[in-house]
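Residue numbers (the numbering used here), protein chains in the order written: chain Y, 362 to 658; chain C, 983 to 1137.
Simulated from the structure, these hints should not be mistaken for laboratory data. The structure displayed is predicted, hence computed values, not measured ones. Yeah, the Cβ is synthetic: ideal placement off N, Cα and C, and Gly gets one too. Nothing false has been slipped in among the hints.
Beta-carbon label-pair distances, calculated as ranges:
hint: 1; chain 1: C; residue 1: Tyr1088; chain 2: Y; residue 2: Val615; range: 35 to 45 Å
hint: 2; chain 1: C; residue 1: Tyr1088; chain 2: Y; residue 2: Ala433; range: 45 to 55 Å
hint: 3; chain 1: C; residue 1: Asp1048; chain 2: Y; residue 2: Ser419; range: 31 to 41 Å
hint: 4; chain 1: Y; residue 1: Asn619; chain 2: C; residue 2: Ala1095; range: 48 to 58 Å
hint: 5; chain 1: C; residue 1: Ala1095; chain 2: Y; residue 2: Ala507; range: 19 to 29 Å
hint: 6; chain 1: Y; residue 1: Val497; chain 2: C; residue 2: Lys1130; range: 48 to 58 Å
hint: 7; chain 1: Y; residue 1: Ser538; chain 2: C; residue 2: Asp1048; range: 32 to 42 Å
hint: 8; chain 1: Y; residue 1: Thr384; chain 2: C; residue 2: Ser1092; range: 38 to 48 Å
hint: 9; chain 1: C; residue 1: Gly1018; chain 2: Y; residue 2: Gln509; range: 27 to 37 Å
Each chain, letter by letter, is given below.
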Amino acid sequence: MSNTRQILVRKNAASNICKVTGTMETISAVRYRQYYNQWQEGQAFYESLAQLAYLAVSAEQSIDHPLMKPPASKTQAVIVIGSDRGLCGAYNNDLYRQIDTHTKMAKRFGRELRFYAKGRKVLSYLEHRDITPVKVYDEFAEAPSAEQIKAMADDFTQQYLAGEIGRLGIVYNRFFSAASQKVQTLTILPVVDLIDDLTTRATAIWPWELSFEEFMLRPSAAEIFDGLATMIVRTSIQGCFLEAAASEHLSRVVCMRNATDNAEEMITELSKEYNRARQGQITVELLDIVGGVEAMK
Amino acid sequence: MMVGLSLGKFRVVLLTPKASLLDCRAGSLVLPGNDGYFGVLRNHCPMLGTLSRGIMQVREIPGRSDAFFVVEGGFVRVAENHVTVLAYEVTTFEEKDEKATEKMLYHARSVAAGQAYIRSQQDAIDVDKARLIVHMAELAGIQLAVEKDEQFLGS
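Isolated chain Y, as found in the complex:
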């Protein structure tokens, strides 16, 4: 049986951990709620966007637009969205695996990779793999502002049109529902691939019996598609950051809840052990006294 003092120290340590994890859980739960509400409110938007995109690509006359053309370069840009802090379970580990997959694929098919990183955890992993990211997004905490998104999207679109990159993918934890988040790579450019993803994930595609040709267009079809492509690219990047943030906080909530539960269990165990040890000590002391009295007789 260990010393009562030692047990007490361990118990205090466990209760401190319990407090910290409990607080982290509460904070992340609040943040998660905020991001989740934003995500849910935005679903209608993405649904409508998918309908528009579907309408545009199902047009009879093919739209001649530079963003619709097949990629001119073999270089692939990858944005990896991870977290700044740990303590969120397997959230970052799955991202690392995806990075490895991309590196292997690039090697196999002779493509050049350019990494763009968000989050300190991702950065340190890339460093560990001897990969230097082209750019690190550290000017915003979790979700970038509208201007930052705009700058980001315009930059990549420019690079694509100039033939510097042939593909743009975002590696992030996709938020399917509160019960399921999974790491995946969403292809943003070429836009056709993105429209593919948008239209297949939408629940209702085109409930009306109208085709693209029946619409009055203001301005021309090419300009509309240009605007549409810009909007799809921009809002999809924004959506990725939002979903990544929601997934991060949710996985932290789950993790911290487990940690708190474990700590509480440990505290109960240690309390029992402490009481037993203290009782034992008292018994020993009593026996000593009784033994002493007996010896005096």
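Got chain Y; can you put chain C on it based on the hints?
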């Protein structure tokens, strides 16, 4: 009587990536198109268009006052008396309490008047947008509390 209420009306939905801001029936709608403002009434022909920055006006909404929004570009689809507006970002007085409304209007007015230096980084707006917000307030008939008092005293 109930039929009369919904006669000549159509559905208007305003969506942004962060929130769905409006879903109602309305009698008329004015939108900032890429080549100027245009109006939409019931039985408008199917239409697709891009939007530029400007004020979106939704009028004759049954059971409530007219709604106004500063829209930062986007898309509109008009089909079968169903108008869907997709916007990047929207600024509005809707669903804001009196204090927040007042703060926004005061801020916009000071920026429009050229006092941009007092603005904080977080809610920075440019002069163009500030003017739109001021104009939107005029359309919606929103005034600062001080002005209301002045009017009251003057009358």
